[in-house]
Amino acid sequence: MTTKLGRLVALAALGMCGTAHAGWYNDGKVLATGGVITVDGAGGGGITPWATISGYETRDGINGGLHYTWVYLPNYSLNSYGATLGFFDRVELSYTNSTLPTGSTFDTVGLATRLLSSAVTDTGVKPFNTTIKMDVYGVKVRLFGEAIYDSDNLIPQVAIGGFYKNNHNDVLLDTLQAAKNKDWEAYVSVTKIFFPLNTLVNFTGRYTSANETGLTGFGGPDGNHKKFRPEASIAYLLAKNTAIGGEYQKHGKNLEGKSVVLDGVDLTQLTPLLGGTGDALKQHESDWYDLFFAYLPNKNLSFTLAYAMLGNITITPNQSGFYLSMHATF
Amino acid sequence: MTSIRKTISTLGAALGVALAIGAAGAANADDKVATRTEGKTPTWPGISSSALEKFGGEAGVHNWVEALFYYIMLDNRINKIFIEHGNVARQIALNTELEQMVLGGPVKYEGASMSAAHGDLGITLTQFNAVVEAAYNACERVNTPYSVCNQLIAALAPFERVIVTR
Numbered sequence: 001m002t003t004k005l006g007r008l009v010a011l012a013a014l015g016m017c018g019t020a021h022a023g024w025y026n027d028g029k030v031l032a033t034g035g036v037i038t039v040d041g042a043g044g045g046g047i048t049p050w051a052t053i054s055g056y057e058t059r060d061g062i063n064g065g066l067h068y069t070w071v072y073l074p075n076y077s078l079n080s081y082g083a084t085l086g087f088f089d090r091v092e093l094s095y096t097n098s099t100l101p102t103g104s105t106f107d108t109v110g111l112a113t114r115l116l117s118s119a120v121t122d123t124g125v126k127p128f129n130t131t132i133k134m135d136v137y138g139v140k141v142r143l144f145g146e147a148i149y150d151s152d153n154l155i156p157q158v159a160i161g162g163f164y165k166n167n168h169n170d171v172l173l174d175t176l177q178a179a180k181n182k183d184w185e186a187y188v189s190v191t192k193i194f195f196p197l198n199t200l201v202n203f204t205g206r207y208t209s210a211n212e213t214g215l216t217g218f219g220g221p222d223g224n225h226k227k228f229r230p231e232a233s234i235a236y237l238l239a240k241n242t243a244i245g246g247e248y249q250k251h252g253k254n255l256e257g258k259s260v261v262l263d264g265v266d267l268t269q270l271t272p273l274l275g276g277t278g279d280a281l282k283q284h285e286s287d288w289y290d291l292f293f294a295y296l297p298n299k300n301l302s303f304t305l306a307y308a309m310l311g312n313i314t315i316t317p318n319q320s321g322f323y324l325s326m327h328a329t330f
Numbered sequence: 001m002t003s004i005r006k007t008i009s010t011l012g013a014a015l016g017v018a019l020a021i022g023a024a025g026a027a028n029a030d031d032k033v034a035t036r037t038e039g040k041t042p043t044w045p046g047i048s049s050s051a052l053e054k055f056g057g058e059a060g061v062h063n064w065v066e067a068l069f070y071y072i073m074l075d076n077r078i079n080k081i082f083i084e085h086g087n088v089a090r091q092i093a094l095n096t097e098l099e100q101m102v103l104g105g106p107v108k109y110e111g112a113s114m115s116a117a118h119g120d121l122g123i124t125l126t127q128f129n130a131v132v133e134a135a136y137n138a139c140e141r142v143n144t145p146y147s148v149c150n151q152l153i154a155a156l157a158p159f160e161r162v163i164v165t166r
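Going down the list, the sequences are from chains D and Z. Take the first sequence: its letter number 27 is residue 27 in the numbering used here, and every next letter is one higher. Take the second sequence: its letter number 57 is residue 57 in the numbering used here, and every next letter is one higher.
Since the hints were made in silico from the structure, they are not lab data. For glycine and all other residues, C-beta sits at the position ideal for the given N, C-alpha and C. Honestly, I wouldn't trust all of these hints.
[As the list claims (entries may be wrong)] Heads up, incomplete: computed chain Z residues facing chain D, CB under 8 Å, no partners named:
hint, residue
1, 39
2, 41
3, 42
4, 43
5, 48
6, 86
7, 120
8, 124
9, 125
10, 126
11, 147
12, 150
13, 153
14, 161
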């Protein structure tokens, strides 16, 4: 905990240098044009990073913010907090710490483990209240194009970025059969605002092997193979401080149909023996969708409320629920 | 570990390319849209043909420009620039012509191009954006809907390339 706070403070301190140094600090972007914060901590929509650089700085300085996001799903909740810094509307650095209590999802596995404790070693699953924690470090660089001002051409703003994700429940990820618990992802985002239509459009290609954005690890029993997965956001600007829209994020099938592994024994083979409950232990992963409402009353605070439709997550179906994100910018 | 190093060096190279492109993207005289003094702004997609009418025609645009300068003159970040460089009443008259022009109105704009008028002022993007904020405030002041206001924002946005020189 202290090290995580340390990282946050270090990022914030970096930003404070800008505040102290009047020449570096800048909050000259037009309201809302920095976007909001994704679950991975990068500037963008709710799940898809945009080519915009987070923070209200223009090319004249530095700006940044702190964020907190809460997702409430039937079997899980996600708490994530972190910080972003934008440098000269060119480079964005971000850090996010995600905590995912898995509720009762893995209690069956946890109880089974406890009952078999003489035969089975640690699965990373506790009988109750199993939690997954992940650190996400992000960097984004704006390459070219102008999302806002060049309304007379179709050249979008283009940025590339990357995340380094470190999932700390590596024992549980072994149990779920993920290949790795820490890995990188890279993405390219193209963003354009069409003012005559009051609409922002973003497309992202993410090169990744993540399962549920890395919360259930990277890759599967067949290896850790990265692929480009498409993502998209569309936002309709209702007012200068309000937007509504939707997002889509393609997910992988690394753990599709896989069960849990207890001490080297794949329960996929055992599930027929478990009769009716067998299918219940098989994992599935769905593409993510969301519908969002973002309200940015001023340049220091924004709220995003979304309905997230995340489908199957590990062994639990129909994970749709609410998403609330707050972003304070300084 | 090597994959991380590879990623970092790739990102470093990309940063170099980005900075080079940024430097090359400076305003230039070949910018036909941003240096012009006549005609509707050719945006993608096009500005709605009813935009000027929805703005209230010439009288409505004039009201909007009056409101724009009200907000500009109250904005301590930028008012000095407008006071130092030219007569405000004249700027209001010329802007009333310019705004009708960019929306496709049948009007003769008598002023200088945006590049000629701003080239020597060393305007920053931060200052330009302060005027954009004043433009939205002005739309609210004259009760022009946000979606109509964005037609004008789209029509004026490309001038950023020649107005901002720092």
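- Query: Going back to the hint list, which numbers does this structure go against?
  - Reply: 1, 6, 7
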